[in-house]
Structures are given as C-alpha cells and as structure tokens.
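*Asks:* In case you want the letters, here they are:
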Amino acid sequence: MSFKVLSPGLMSTLQDFGRQGYQKEGVNNSGAMDIISLRLANMLVGNDEHEAALEITLAGPTLEFTADTLIAITGADLSPMIDGISVKMNRPVAVVAGSVLKFGGCLKGCRAYLSMAGGYDVPMVMGSKSTYVRGSVGGYQGRALAKGDVLGSGQAGSYARHLLKYLLCKGARSFRAASWYVSLPHLSGKEMRRPIGILQGLQMGAFSDESLHDLLTKQFTITNASDRMGYRLEGPRLLLKEQLEMISEIAVFGTVQVPADGNPIILMADHQSIAGYPKIAQVIGADLPRLAQMRPGTKISFREVPLKEAEEQLLEMERYLSSLKIALKHKA
Amino acid sequence: MISIEEIKDLMKTLDASSLQRLEIKNGDCSLTIEKGNSGKAMVATPSAQRGKQEFRSGAMVEIKAPMVGTFYAAADPEAEPFVEVGSAVNPDTVVCVLEAMKLFTEVTADCGGEIAEILVKNGDFVEYGQPLFKVKV
Amino acid sequence: MENSYQILPVSEGCLYVKFGENISPEINRQARKLSNYVEKHPFSGFIETVVSYTGLAVLYSPGVVRKAGKNKLNAFQIVGELMEEYLTQMGSLPDEPSRVVEIPVCYGEEYGPDLEYVASYHGLSQDEVVDIHIGGEYLCYMIGFCPGFPYLGGMDERIATPRRETPRLAIPARSIGIAGSQTGGYPISTPGGWQIIGRSAVDMYDPAAEHPSLLQAGDLVRFRSISVEEYREIRGEAL
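Protein chains in written order, with my numbering: chain E, 162 to 493; chain L, 443 to 579; chain Z, 27 to 265.
With the rest of the complex left out, here is chain E (with noise of 0.2 Å):
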C-alpha cells in the first residue's frame, strides 16, 4: 500500500500517540491534536491504535495512489474525492492503484486523519513516528509533506487484506468504500457548540476576580495566529492581581498561560514542556479532541470542572472507544 504525494496541502504531518519519555531531553510529546480521530482511523483498517496516521489541516494534499490500498479518513470533513467522486469518511476504503484523493472545502472541522492499513514505514523516532517539525524529528524526515515524497506502508493485517479484496471485487474503478461506518461523537454540531471544560491553573489564585469571572463567562475567539504549538485566543484581557515575577514551570498539552498583554494561549500538541507566563487554566483531556477541530475565527466558551468529573469524562471517552474496538474486531 503506498501513495505519492502531488500537492502537499497546508501542513500534512505523520502523527501518532506520541513522544512519550523524552522531555527531560527538550523533546516534548507532539502527536496527534485530535487523539480520537487518530485512534479510529487506525481501528478502521486494523491497525494497532497507536500506529501514525496523516493528520491533514484545512487545505488537503493530493495524492496518487500507486498501489491498491486500504485507507480511512476521520476527522475534520475536508470533501475528500478520489477521481472526482466524493469519499464516505469514517469507514475503510479501498483504493485503487493509480487513483487520485483530493481535498476541497473545508466543510466541518479543521484536521482530517488519513490512515493507511498496515501504517507508515517510517522510522521511530524515540519510540514515535510523530513529527515535531520545530526539532526537525520524526514522522517523514522530520517535516510536513512535501510535492514528491512517496510514502509506503508496513504489513497490513490479515483483517485488512481480506476487507481490501473483498471491496475491491465488487468492482471498483477508482474505490469502493464500505457500507458501514463509526461515529465521531466529538465532532457533532452539538459538541463542538458546548463550552470547553477546564480545571484551575497552577497560577489560577494570582489573577483578578475581575479576570477570573470573566474567563467563565465571556467568549473568546481562536485568532489566526494558531497552530499545532498553540491556539492564540481574543476576547476579554486576562489580567493579575499584582505583578508576579514568574518562574518557568511544567505546561502540558491544554495548559491555558497568559503572557503580559492579557491574551490568553492554549498549549496544544507542539507545546514545550517548560512554559514562563502564568497558567489560568487547564483544559480537559476530553475536551481537548473537539477543541483540535475548532478552527481560526471560532468562537469558544469555558466552563469550570472539579477535577474527579473531568477524570470520569475521560474514563467515559476511553470506554466508548474500548467498545468500538471491540465492535470492529467482531466485523473482521
């Protein structure tokens, strides 16, 4: 199973679970920015969950496939077509050799996860195929796509071959996908309208009441300036009580600093393990999927959680997508 690529999109990168153990290195995490998206487009194609996938932003690349291959996408519905049809999302597809996907409109969402069966032959890097552009790590030599780059698979699973040839003997000019499908939940108009939940910062206690009451009520809005290191927020200034001499402390991915002016940042995927400005908030772990599809312009609101619910919420997403997996193995 392989691809080439022909246009590279906005920002394509090979993302997994992770890099995990290495921050004492200067090496942070990276890894996938919507971790459910990443996890079912693996279970779609029978790969292990924590395999990487092609986390694909807002403008898609165009790849021809040069070999018959299994894939999925997730994620943000970026219009995927292969020779011009639309593709169904959420299910596996298989793809003809010599076919070409192509993204349009960016219709719900921000990041698609394209999976292939049998994952991507690229290196481990520190125990991770995910790319960390900044440090020129891992994924595809260390960086996003790029025109040219041919990127092949490793060993599907006996789950995927049989599923591959079955579609594929329906007859296919181009693919054929599945009639069946999983559910993102977390991508639902509903969801992604839901304030986002946070549990209190490290430095929650040094800002305003002025400042706190209006973290909890008002909107702010993701700028432009946002990216996989962090999503730059606008709306009311944050300020402290007093000036605080900061001291670089820990930050992890949803850590909300808020540097001088007042503009708060969330920490995403890219973030750096030590952070300098004062931390306000934290976001859930459950909600930091839906909050990876909000793109630049939306606008967001949070909510307060006590720390036990915000676990529970994301025991609760675990065991949704332990029964998935179940689901699909009883479908291989």
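Hints are computed from structural coordinates only; laboratory data are not their basis.
Since we're looking at a predicted model, the values are computed, not measured.
You may find that some hints are simply not true.
Cβ pair distances, simulated, as ranges [what the hints assert, rightly or not]: (1) L:I466 <-> E:G332: 29 to 35 Å; (2) Z:L34 <-> E:P356: 22 to 28 Å; (3) E:A307 <-> Z:E135: 46 to 52 Å; (4) E:G366 <-> Z:D229: 40 to 46 Å; (5) Z:S50 <-> E:D422: 44 to 50 Å; (6) Z:S50 <-> L:D518: 51 to 57 Å.
Output of the computed footprint for chain L on chain E, the stretches with three or more beta carbons under 8 Å from beta carbons of chain L [unchecked claim]: (7) 337-343; (8) 346-360; (9) 481-492.
Derived, one-sided and incomplete: chain E residues facing chain Z with beta-carbon distance under 7 Å [unchecked claim]: (10) K185; (11) G187; (12) M285; (13) S409; (14) S434; (15) R464; (16) L468; (17) L476.
The beta-carbon is built from N, C-alpha and C at its ideal position, and this holds for glycine as well.
On the provided structure of chain E, position chains L and Z as indicated by the hints.
*Replies:* Only chains L and Z this time, still in chain E's reference frame:
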C-alpha cells in the same frame, strides 16, 4: 405452441449445458430461458444475500432490515433524513442506517421507485427482516 | 533541613511537586532527587518526570493508575500519596553526584557576532568578557524550550546583558549566548533574541543518540575557549 413438458426438457438441457441463455422464436411466439447467477461465490453479508429484485411496475415493495439494530432516518442527528415519503429511490440509494454495537450500516433500497410509507420511527429497535419502508415501484 | 513541599494537580495526567517559589540550587537538588527516585521506582501508569525551576512534574496515564488503585480514588490522589511516600523514603539517601561537563566554545567574530556589543555595553574588552564567561561553573537547572536547551544558572552579573531589541529570525545551531542574567546555548537553529557570543564545537542535541540531549538537569557546566582551527578540527571541517 411449445408444451409445458417441452419447456421442462429445455430447462433440464440448458441446466446441464454450459450455455447461460436460450432463446427460441416460433412464429410470433418467443421463449427465453436464462440460467441464474451461479458463477460468483456467495459472500456472506446481508446486502449481498438480498440481491437485486425485479418487480412489476405499480407494485408495492417492502425494504426489510438486513440485520438487527437501531433504526436511524438520517446519517447523524443534525443531518437531513436520507429519504421522505415521496422521495425517488434507485437500487443504490441509501434509505436509512441501522446501528449495532456503535457501528452504523447503510441500508440501500435495492429497488427503484418512490417511498410510499416509512414503517418505523427514528430510534426504533428493529429485528432482522422487519419491514422498514414501503416503496411504490 | 526542612523539606517543605506542595503536591498540586496540573491535569488529569500530571501533578506537580513544588519545593519553593524561586530559582535556587537547593530547590533544584530536591526536584532532581525525587526525579531520580521516581525513575528508579516507576509505578503502574508512570510515563515520565520533568524537572522545572520550582519543582518536579510527574506524568502518568490516569486510566492505568486508577485501575491499579482498583478505582477507589482518583489518579491525582493515588500518585500524590505515592509521592509523599517516596519523599519520605528518599530522605535518607545520598544525592546522585553531578556530572561536570566541559563545552569547547569558539568565541567572537563569525561565531559570536554580539560579543563586541556585550563588551562595549559593560565597558570591557572582548577578552575580558570571555574570561568571565569561562571562569564560571554553571548549574544546569533543567532542559526545555527546545531539544537539548539548557537553563543554566550562576552567570556573573558583570556580563549580564539585555536581550537584543530585534530578535534574529534564525540563530545558528550550537550558538552560545547571554540573555539578561541567563547564559546557555541553542542546540538547534531557532529564532531568538539572545546575545550570541560564541559557538560550541560539540553537538548539544543528537536525535539518534541514546540520550539526545548533551546536558541534563544537575550537570555542572564549564565553557572552554578554543581557537577557530581547533573548532574546525573538532567539527571535521576543512581549515
């Protein structure tokens, strides 16, 4: 006129031969005998088992559930229903989805015509073979 | 010695053991000691530790931690209690010795374009600035910001210089510099506003190495001044 006995003989002969189809014209009477699809391997999925059906024009035909599951009229809660009463369908038109174990299976009409009646509600649990739609072909 | 600390939740999968409110070798020593102890006694669900100025972050998978704790408490409580046990247990243990790491640096001219500015800012000669810089022994508090990037403490105030007004778009990899009272080096090329006074002849970050970062928290760093010829020899470049 060809007799019933002759027709039966012709059928046996055709069956035993490698021919797929036999057409006989006798004056203004013509008879066509065609073999069923025995070449392809049977694939054990519900939609394949249902196969294509031919109907007399004007007849009412039922679309039955190919599996157990929860019936949904639309792809997701915020989408428009796949079909409504009066919608034109062809064999490949997706008319609903059935959900089981969090997997959604698209159900196709497998016939051509117009939706005359929707027999179940969104969220109903349906059994294998339960009629879901009435289609006027 | 009083060992006071706070255990604070950061996220569902991270807690912070805070030893103090300022930058001090003593706080750093405690953070590093706990880090070593946790790494030697990993618990079910443990992922990694990160040393910062004021304490130690412990990262874990909440689902796995909960399962191991038979779902009786939330992950923060389980790991928090364990950290308290560890702090007690490790109290009597000796500290791990610090490594002394010497970094050969070619100062000035093409490798240190801001050395002249730093010198004139303080009314010193370039040689005097270099002498002061190589005379220090710097504690590496932590690695962060970018791969291999060390946060070094203890720089002489006599050469402390504010950041450049206009940051450079790309500082060459291995550049050694000064920003305020901080000194350190850029292992990889990145934009930045530091005053660049020299370049290290050795790699500070190698993704293929078992330990990709040359330095680690707790190292005592010394700089050694080398000539352009020696620099090029070490780098394997033509003279």
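*Asks:* At a threshold of 7 Å, is the proposed contact between L476 (chain E) and chain Z supported by beta-carbon distances?
*Replies:* holds, 6 Å
*Asks:* Count the residues of the stretch 337-343 of chain E whose Cβ falls closer than 8 Å to any Cβ of chain L, and tell me whether that reaches three.
*Replies:* With 4 residues in contact (Cβ-Cβ under 8 Å with chain L), the coverage given for the stretch 337-343 of chain E holds.
*Asks:* Does the stretch 346-360 of chain E contain three or more residues whose Cβ lies closer than 8 Å to a Cβ of chain L?
*Replies:* With 3 residues close enough to chain L, the hint holds.
*Asks:* Hint says 40 to 46 Å; check whether the CB-CB distance for G366 (chain E) and D229 (chain Z) agrees.
*Replies:* Given about 42 Å between the Cβ atoms, the range holds.
*Asks:* May I ask you to test the hint 44 to 50 Å on the CB atoms belonging to S50 (chain Z) and D422 (chain E)?
*Replies:* violated, 30 Å
*Asks:* Could you check the hint for me, namely that A307 (chain E) and E135 (chain Z) are 46 to 52 Å apart, CB to CB?
*Replies:* violated, 36 Å
*Asks:* If you take the shortest Cβ to Cβ gap from S434 (chain E) to chain Z, is it below 7 Å?
*Replies:* Since chain Z brings a Cβ to about 5 Å from S434 (chain E), closer than 7 Å, the hint holds.
*Asks:* Close enough to count: is the Cβ of G187 (chain E) nearer than 7 Å to one in chain Z?
*Replies:* holds, 4 Å
*Asks:* Per the CB criterion, is M285 (chain E) less than 7 Å away from chain Z?
*Replies:* violated, 11 Å
*Asks:* In terms of beta carbon proximity below 8 Å, does the stretch 481-492 of chain E have 3 or more residues touching chain L?
*Replies:* holds (count 8)
*Asks:* Does the hinted range 22 to 28 Å hold for L34 (chain Z) and P356 (chain E) at CB?
*Replies:* Given a distance of about 24 Å, which is inside 22 to 28 Å, the answer is holds.
*Asks:* Should the hint that S409 (chain E) touches chain Z count as held when the rule is a Cβ pair under 7 Å?
*Replies:* holds, 6 Å
Of the numbered hints given earlier, the model fails hints 3, 5, 12 and 15; all others are met.
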